[in-house]
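Protein chains in written order, with the numbering used here: chain A, 1 to 604; chain B, 1 to 364.
What the hints contain is simulated information worked out from the structure, not anything from laboratory work. From the three backbone atoms N, C-alpha and C, an ideal C-beta is built for every residue, glycine too. There's no promise every hint is true.
[To be verified] Some, not all, of what chain A presents toward chain B, calculated at C-beta under 8 Å:
id, residue
1, A382
2, L394
3, S398
4, V475
5, E550
6, V558
[Said to hold, decoys possible] The following label-pair restraints were derived from C-beta to C-beta distances:
id, chain 1, residue 1, chain 2, residue 2, range
7, A, A469, B, F26, 23 to 29 Å
8, A, R567, B, F26, 38 to 44 Å
9, A, V364, B, D187, 54 to 60 Å
10, B, V144, A, R138, 31 to 37 Å
11, B, E239, A, A242, 55 to 61 Å
12, B, P119, A, V128, 40 to 46 Å
13, B, L243, A, G251, 39 to 45 Å
Here is how the chains run, residue by residue.
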Amino acid sequence: MAEPTVAIEVPETAAGDLLPARQVDLWRAVRLGLVGGLTAVFVSANGMVEAFSERALLGQVTLGSLLLVAIPLLVGYLAGQPPPVLQGFATPRPGRRNVAGGLLAGLLNGVVMAVFVTLIATFDVRRVLINVTPALVREDPRLLTFGLDLGPGLVLILVLNTALGAVAGTLHLLRDRWRRAVFVVVLWVLAVAMLQPFVVQVLRGIQAELRLWTAPLADFLYEPSGALSLPGAVAVAAVALAVQVLLTREGRRPAPTRLSSLPDRSRRLLRLAALAGMLIVLGLLPQVLGPFLSEVLNIAGIFLLMALGLNIVVGVAGLLDLGYVAFFAVGAYVTALLTSPQSSLGVGWIFWAAVPFVVLAAAVSGLVVGTPVLRMRGDYLAIVTLGFGEIARLLFLSDWLKPTFGGAQGIIRVRDITVGPIQIADPQAFFYAIFCFVLLAVYVTYALQDSRIGRAWMAMREDEAVAEAMGVNIVTAKLSAFIAGAMLAGFGGALFATKIGSVFPHSFSVIVSITVLVVIIVGGMASVPGVVLAAFVLVGLPELLREFEEYRFLIYGVLLIFMMQRRPEGFIPSRRRAQELHEEELTQDTWLQDAAADGRSATS
Amino acid sequence: MAKSSLEPRGPIAVRRSFQLPVVDGFLWLVRIAAVVLLVVGAFNSLTSARLSGQQWRDLVVFGIAQGSIYALIALGYTMVYGILRFINFAHGEVFMIGAMTGYYVSDGLARTPLWEAQPFVSLFIVLVCCMAASALVALLLERVAYRPLRGLPRLLPFITAIGASFFLQYAVATLFGTSVKAYPAVDALSGAVTILGFRILKVHLLVIVAALLMMAGLYLYVERTKAGRAIRAVAEDPEIARLMGLSVDRTIARVFAVGGALAGAAGFLFGLVFQNVHFLSGFLPGIKAFTAAVLGGIGNIPGAVVGGLLLGSVESLGPSLVLVGLGIPSAHQLKDVVAFLALVMVLIFRPTGILGERVSEDRA
Numbered sequence: 001m002a003e004p005t006v007a008i009e010v011p012e013t014a015a016g017d018l019l020p021a022r023q024v025d026l027w028r029a030v031r032l033g034l035v036g037g038l039t040a041v042f043v044s045a046n047g048m049v050e051a052f053s054e055r056a057l058l059g060q061v062t063l064g065s066l067l068l069v070a071i072p073l074l075v076g077y078l079a080g081q082p083p084p085v086l087q088g089f090a091t092p093r094p095g096r097r098n099v100a101g102g103l104l105a106g107l108l109n110g111v112v113m114a115v116f117v118t119l120i121a122t123f124d125v126r127r128v129l130i131n132v133t134p135a136l137v138r139e140d141p142r143l144l145t146f147g148l149d150l151g152p153g154l155v156l157i158l159v160l161n162t163a164l165g166a167v168a169g170t171l172h173l174l175r176d177r178w179r180r181a182v183f184v185v186v187l188w189v190l191a192v193a194m195l196q197p198f199v200v201q202v203l204r205g206i207q208a209e210l211r212l213w214t215a216p217l218a219d220f221l222y223e224p225s226g227a228l229s230l231p232g233a234v235a236v237a238a239v240a241l242a243v244q245v246l247l248t249r250e251g252r253r254p255a256p257t258r259l260s261s262l263p264d265r266s267r268r269l270l271r272l273a274a275l276a277g278m279l280i281v282l283g284l285l286p287q288v289l290g291p292f293l294s295e296v297l298n299i300a301g302i303f304l305l306m307a308l309g310l311n312i313v314v315g316v317a318g319l320l321d322l323g324y325v326a327f328f329a330v331g332a333y334v335t336a337l338l339t340s341p342q343s344s345l346g347v348g349w350i351f352w353a354a355v356p357f358v359v360l361a362a363a364v365s366g367l368v369v370g371t372p373v374l375r376m377r378g379d380y381l382a383i384v385t386l387g388f389g390e391i392a393r394l395l396f397l398s399d400w401l402k403p404t405f406g407g408a409q410g411i412i413r414v415r416d417i418t419v420g421p422i423q424i425a426d427p428q429a430f431f432y433a434i435f436c437f438v439l440l441a442v443y444v445t446y447a448l449q450d451s452r453i454g455r456a457w458m459a460m461r462e463d464e465a466v467a468e469a470m471g472v473n474i475v476t477a478k479l480s481a482f483i484a485g486a487m488l489a490g491f492g493g494a495l496f497a498t499k500i501g502s503v504f505p506h507s508f509s510v511i512v513s514i515t516v517l518v519v520i521i522v523g524g525m526a527s528v529p530g531v532v533l534a535a536f537v538l539v540g541l542p543e544l545l546r547e548f549e550e551y552r553f554l555i556y557g558v559l560l561i562f563m564m565q566r567r568p569e570g571f572i573p574s575r576r577r578a579q580e581l582h583e584e585e586l587t588q589d590t591w592l593q594d595a596a597a598d599g600r601s602a603t604s
Numbered sequence: 001m002a003k004s005s006l007e008p009r010g011p012i013a014v015r016r017s018f019q020l021p022v023v024d025g026f027l028w029l030v031r032i033a034a035v036v037l038l039v040v041g042a043f044n045s046l047t048s049a050r051l052s053g054q055q056w057r058d059l060v061v062f063g064i065a066q067g068s069i070y071a072l073i074a075l076g077y078t079m080v081y082g083i084l085r086f087i088n089f090a091h092g093e094v095f096m097i098g099a100m101t102g103y104y105v106s107d108g109l110a111r112t113p114l115w116e117a118q119p120f121v122s123l124f125i126v127l128v129c130c131m132a133a134s135a136l137v138a139l140l141l142e143r144v145a146y147r148p149l150r151g152l153p154r155l156l157p158f159i160t161a162i163g164a165s166f167f168l169q170y171a172v173a174t175l176f177g178t179s180v181k182a183y184p185a186v187d188a189l190s191g192a193v194t195i196l197g198f199r200i201l202k203v204h205l206l207v208i209v210a211a212l213l214m215m216a217g218l219y220l221y222v223e224r225t226k227a228g229r230a231i232r233a234v235a236e237d238p239e240i241a242r243l244m245g246l247s248v249d250r251t252i253a254r255v256f257a258v259g260g261a262l263a264g265a266a267g268f269l270f271g272l273v274f275q276n277v278h279f280l281s282g283f284l285p286g287i288k289a290f291t292a293a294v295l296g297g298i299g300n301i302p303g304a305v306v307g308g309l310l311l312g313s314v315e316s317l318g319p320s321l322v323l324v325g326l327g328i329p330s331a332h333q334l335k336d337v338v339a340f341l342a343l344v345m346v347l348i349f350r351p352t353g354i355l356g357e358r359v360s361e362d363r364a
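Could you build all of it, start to finish, from the sequences and the hints given here?
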């Protein structure tokens with residue numbers, strides 16, 4: 001919830017004559033505490049805590065209990081945060097009020113939670129809230145009261161939440177550098193603990209494939225239960241702290257500056273070395289990862305391919321397309337029709353013979369969708385494309401077209417990709433196929449972005465009327481964006497069809513379009529690195545940690561809302577896009593920053 | 001401000017562009033093809049006499065009942081659009097939450113003697129609960145998700161609304177389970193009555209009457225009360241309204257609450273007609289109601305009602321009238337396709353709707 005920007009009158013005072021510092025707002029702490037408490041109640045009632053407590057992180061701490069602990073920490077941290085320093089005001093000294101803010105928020109968080117725990121211990125609400133199981137409070141393991149009976153449990157909840165809130169508030173007393181170090185250490189430990197299946201497999205895989213003795217490290221880091229072992233956690237924390245302290249030491253120049261000060265030749269060499277290293281790593285990756293993790297990567301890769309396509313349509317050209325899954329479906333169905341001997345065509349071609357037709361069909365469908373919506377913008381465009389997407393799915397599903405597309409039974413026995421005599425069937429081999437297509441898509445995206453048509457797209461995104469006045473042919477630009485996006489999605493569909501080996505209409509619901517949209521919005525519209533990272537985190541992670549599966553779309557929804565409120569440009573934004581979105585705030589921000597800098601220099 | 005001849009005319013201020021003959025020719029082809037298919041299909045099915053007059057009348061009645069539910073939802077879309085120029089994509093979920101509330105309250109009430117003794121009183125109690133729950137969710141949505149984004153590029157609140165829509169769907173799914181919830185039967189509503197030769201199921205009659213009453217109530221609220229005048233003023237020009245001493249925030253919140261309450265009522269009526277609800281129930285009716293709002297001219301309150309009734313009838317009659325006439329097998333499967341086609345066609349060819357202008361886009 002962004003605070004509305006209030007125009008604050010800057011009082012005319014002589015230099016150095018500052019108004020008393022604005023202090024931590026305790027009402028805000030109260031609000032945050034209540035919101036935090038309700039959030040904790042929500043995640044307990046919808047079963048997240050229980051589902052997540054299957055995953056042990058560190059000793060007795062599971063992901064579920066971490067969720068309960070993280071909320072008061074976060075709320076306490078936010079509540080203890082001092083307000084931004086404005087011009088004319090003194091900078092507040094960190095002190096008791098930061099801790100008090102955190103403490104208050106934590107306490108309220110605990111009170112709300114305690115009320116909820118008492119309620120579900122007294123009444124049986126399972127007829128309505130089906131996920132409020134006895135395991136939460138009534139019977140062991142009593143997740144919400146951390147294993148205690150109701151009475152001591154309530155005391156523990158209150159004390160723990162208050163203490164955690166206060167601790168989080170205390171973080172504001174630390175200097176910036178150390179506070180950041182704390183965050184980094186916590187994040188590292190968390191990441192290593194969460195990614196246990198991945199890390200273990202990688203370490204074992206390296207030993208199996210490269211004959212390096214890395215497997216003992218996995219035994220050192222993790223206990224048999226899958227939790228991080230205590231020495232392992234300490235080691236990870238120590239390494240993270242050391243790296244962080246080294247990286248932020250005084251007088252260290254940031255890496256880009258140092259890179260640009262190198263002579264051209266060494267820079268070129270470095271770049272080549274980095275590229276070669278990356279290729280070697282990627283070449284070995286599927287062997288090291290094993291079949292299961294390769295499969296996870298493949299799924300993420302197919303979504304990445306789609307995301308790169310949608311990135312062109314939404315991110316670069318600014319056309320919000322919610323029916324993107326239609327192109328994916330077209331790619332999959334064309335592949336299935338042409339390569340499956342059991343389809344209505346029954347030709348049973350090899351995969352590569354179908355590829356040109358996939359491209360053609362995707363391009364045509366891009367045209368068909370793109371032409372009628374040329375006149376539309378923004379939300380209307382989104383709704384119409386959503387309609388097209390649903391029409392496509394319903395037609396593939398219908399009995400009317402069943403002779404062609406197989407209706408609900410879909411098309412089975414889609415042929416695998418073959419390279420010469422080699423059949424690409426297992427996930428590890430398939431990784432290379434997907435990797436090639438993704439590489440192609442990344443290259444195409446960069447090439448298009450920097451080309452004439454790419455600049456036309458960006459101009460159109462910023463202001464259609466102005467772009468047209470400057471000579472951009474809007475019709476060509478829009479249609480080519482749709483076609484480019486459709487082709488990438490078509491490739492994604494083709495790969496999907498051969499990977500699964502069959503095509504069913506229910507794989508192409510609107511949820512796929514939304515997933516891809518979330519990926520590009522979280523990663524950063526028009527930002528290729530952002531999209532790549534987001535595809536792996538948002539699609540790969542839920543595949544890896546299955547307990548997220550049920551809550552996946554819930555989390556996507558929250559992410560969309562959060563991103564729009566806080567970072568509409570994405571986590572790894574393309575610079576240009578961020579500028580566009582923050583144009584109006586920009587002046588205000590620099591004013592605020594200047595004011596903050598003034599304030600700091602005034603007090604020091 | 002008088003329009004100079006240089007200013008673009010037409011619905012969306014880009015008429016001046018895209019005068020490309022190819023594109024327009026293509027669109028005309030689509031238009032002609034649609035009309036031809038419509039006429040041929042309708043002619044075939046009417047002459048083939050596959051369905052009796054009674055069956056056609058039943059379809060019409062069902063279409064109107066369904067359409068009045070759409071109209072109630074569409075009112076929420078249209079009011080919010082009228083005042084914020086923004087499509088509240090999550091409105092379908094507000095409707096679904098109304099239907100869910102209806103299930104839980106009526107399920108609870110059905111265990112008490114009141115349900116048998118006073119069916120209409122208990123139905124009224126359920127209706128009020130549904131309206132309250134949906135209004136509350138709509139208010140929360142406005143406060144938490146939309147208000148911070150007011151005045152920013154319009155795609156931001158729209159994407160937020162998509163996020164909110166999925167959040168609400170899956171919040172309901174995880175809290176209350178993904179199973180299909182069956183409404184308890186209401187004995188007083190079984191059976192049918194015959195009015196002017198139309199055989200109307202009592203449920204449908206109740207739905208139509210209730211929806212009409214609520215729409216009339218809304219009309220009076222917007223046109224006759226002080227709060228309604230405030231709503232119209234803010235829709236006209238928020239800046240001036242603020243200068244005149246109106247609280248824009250409160251007025252917008254009120255619009256969301258009223259729209260949400262109507263959607264909640266629609267949810268309950270939907271539950272009565274279709275007897276079941278689950279967490280994805282809001283998506284299709286939401287989209288269809290949006291189509292209805294656009295069909296009637298978005299931002300236009302009577303338009304939403306007309307659009308809703310029209311769309312309900314099209315969806316109910318379309319498959320039997322046109323698709324069967326064209327010789328398409330199992331046409332009833334395609335009733336959602338008909339609805340989506342209506343959506344796409346309306347948005348492409350008639351974004352201003354049938355009643356009057358679409359609220360101007362240039363201001364946004």
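Self-check item: Non-conforming hints, listed in increasing numerical order
Solution: Of the numbered hints given earlier, those the structure breaks are 12 and 13, listed in rising order.
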